[in-house]
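Peer 1: Read off the chains here:
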Amino acid sequence: MSVHPVALLLHGFVDATARLGLDYRFVLSDYELEPFLQGALTTVEIAFLTIVCSLAAGLVLLSMCRSRHRLLALVARGFIELTRNTPTLIQLYCAFLVLNMLITQALQGSGIENPLKPFVWVVLVLSLHKGAFHAEALRAGLDAVPKLTLEGAASLGFDRRTLLWRIQLPLALRFALPALTNNMVELVKASAIASAIAVGDITYASIMIWTQRDNVLELMILILLFFGALTLSVHIAGRWIEQRLRIPGYGHQ
Amino acid sequence: MRTSVPVFPAIDFTLNLIDRGRRLASLGVAVMLACTAAMQTAHADATLDHIKQSGALNVGIIVDGGHFGSLDPATQQPLGFNVDLAAELARRLGVKLNVVSVQPSTRVQFLQQGKADILIANMEYTAERGAILDYVPTPYYRVGGVAIVPRDSPIHTWEDLRGKPVCLSQGSSYTRPLIEQYGAVPKGFRGASESLLALRGHNCVAAVHDAAPLLYPLLRENAEWRDYRAIGPELIPAPSVIWTRKGEHDTVATLDPIVRDWHRTGWLIQVEAKNGVAPPSPALLALHQQFEKASP
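In order, the protein sequences belong to chains A and P.
According to numbering that gives the first Met the number 0, the first sequence is numbered sequentially starting from 0.
According to numbering that gives the first Met the number 0, the second sequence is numbered sequentially starting from 0.
Extracted from the complex, chain A is given alone in its bound form (with noise of 0.2 Å):
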């Protein structure tokens, strides 16, 4: 009989840590390991799209707040302070629970599926919530641009938006670097509340191994080193941005 060498090797896993007193059989059962894998992937998946749609979101919630619009200012403003101050989770909730079920609901009346899934619920939750801190954090980029740079940008006869655009936000976003690396950070620890509405990410994954094995420490084991490295490969390539847009002459090395 040939055995596979990945068999191999989870059992030889397997064997190791049990000399240490864990317990991750988990992994020789195809119908537990797959799940993981493939929860594994998921979250990564989920950070990768809340990243992007979050940033997408800070910008557009910016821009609001800087409109000459009052009333669009002011939605924005509240939009901000609403998500700033209320947990995710409960936001999740409401959207999934509630705002879902609602949508539903109405659609059915007029026979058509709701094309939301709870994983759309996740990014978009996640995103807004997310969106809002960028927001934050962007505006204080927006604020550290020097006033000069700005007068000597309006001499040149930029009007608002190229301004916005083509000065003040490329500025401010470099000085909003950290700031939005940290949310970035945030962002991938946060996806975690996936697991609350059945989102089969590593959390959802690994919570339904251990209500049936016990191995609860086990697995927070591998949730930790897998969080980690994820959160340390965002704060890498924050980093790495941060150097490539350095201004020279501008702040410390």
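I should point out that these hints are in silico values taken from the structure, not numbers from a laboratory.
A couple of the hints might just be wrong.
The following label-pair restraints were derived from C-beta to C-beta distances [what the hints assert, rightly or not]:
1) A/N113 <-> P/H248: 48 to 54 Å
2) P/S152 <-> A/P169: 51 to 57 Å
3) P/K245 <-> A/T16: 17 to 23 Å
For each residue, glycine too, the CB sits at the ideal point set by N, CA and C.
Once you have looked at the hints, place chain P on chain A.
Peer 2: Frame of chain A; chain P shown alone:
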């Protein structure tokens, strides 16, 4: 003596880590933790000592509404079938009852961390659970799972669930049979209420939960669920037992005669009726008849 500091979840979690850290002794990091835990290692039966010394019995009960455990809207005091059982146990032990509200997904951790001395949480006996915890061998109830589906759903038997998403609670014992016997795709939520809301939001074709404690009363008494129906027969009907931490033999030996006495006198049937649990469990009647013959 085992100490428990039920202050913050973080502390409880750390205590749990310390407890389990004993097994990690060979990992350098855990050595210190392991020593701490070793100093606190329990002797023969720490739970019974703890109950007697503190004068209080901490019982983990699911207080999620319904006839088995809910809050009295007027007094905010827990009431229900399981609460009555816990109160009677405390009375017989001559101590004060302290109800610890638990969730299906974390109730085992509550017990293991010492936040609850025993669980009366409609937790059915399974071999996996029996391997990690001890339990009072005489069951106090028998609970199986049923599925509820919208009245106009094409699903009529368990087999119809194959390949379809089914809402349930994280930690539910119906997860495995649903996957293995019926090929359903379980979607686990934090608790039954989230799962049921998700069913209403059409995120699943059915929700599977305990029949007598939850779904039967829901369908019978709640107007919002009038358009839903149950699918039987009950999935893996299993005895509900009182759970203790592993190795608490004295506690088990103390509680088992009490539960037998409940069956012998028919007290459980009265409590069931008093709390409005319907239909009356045939298992309770059978147990009553079985123990009535036995000498007290």
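Peer 1: Each hint: holds or not?
Peer 2: Each hint, compared with the structure:
Distance hint check for A/N113 and P/H248: the Cβ-Cβ separation is about 53 Å, which falls inside the suggested range of 48 to 54 Å. Between P/S152 and A/P169 the beta carbon distance is about 56 Å. The supplied range of 51 to 57 Å therefore holds. The hinted range of 17 to 23 Å is satisfied by P/K245 and A/T16, whose Cβ atoms lie roughly 21 Å apart.
This entry satisfies every hint, going by the numbered hints stated previously.
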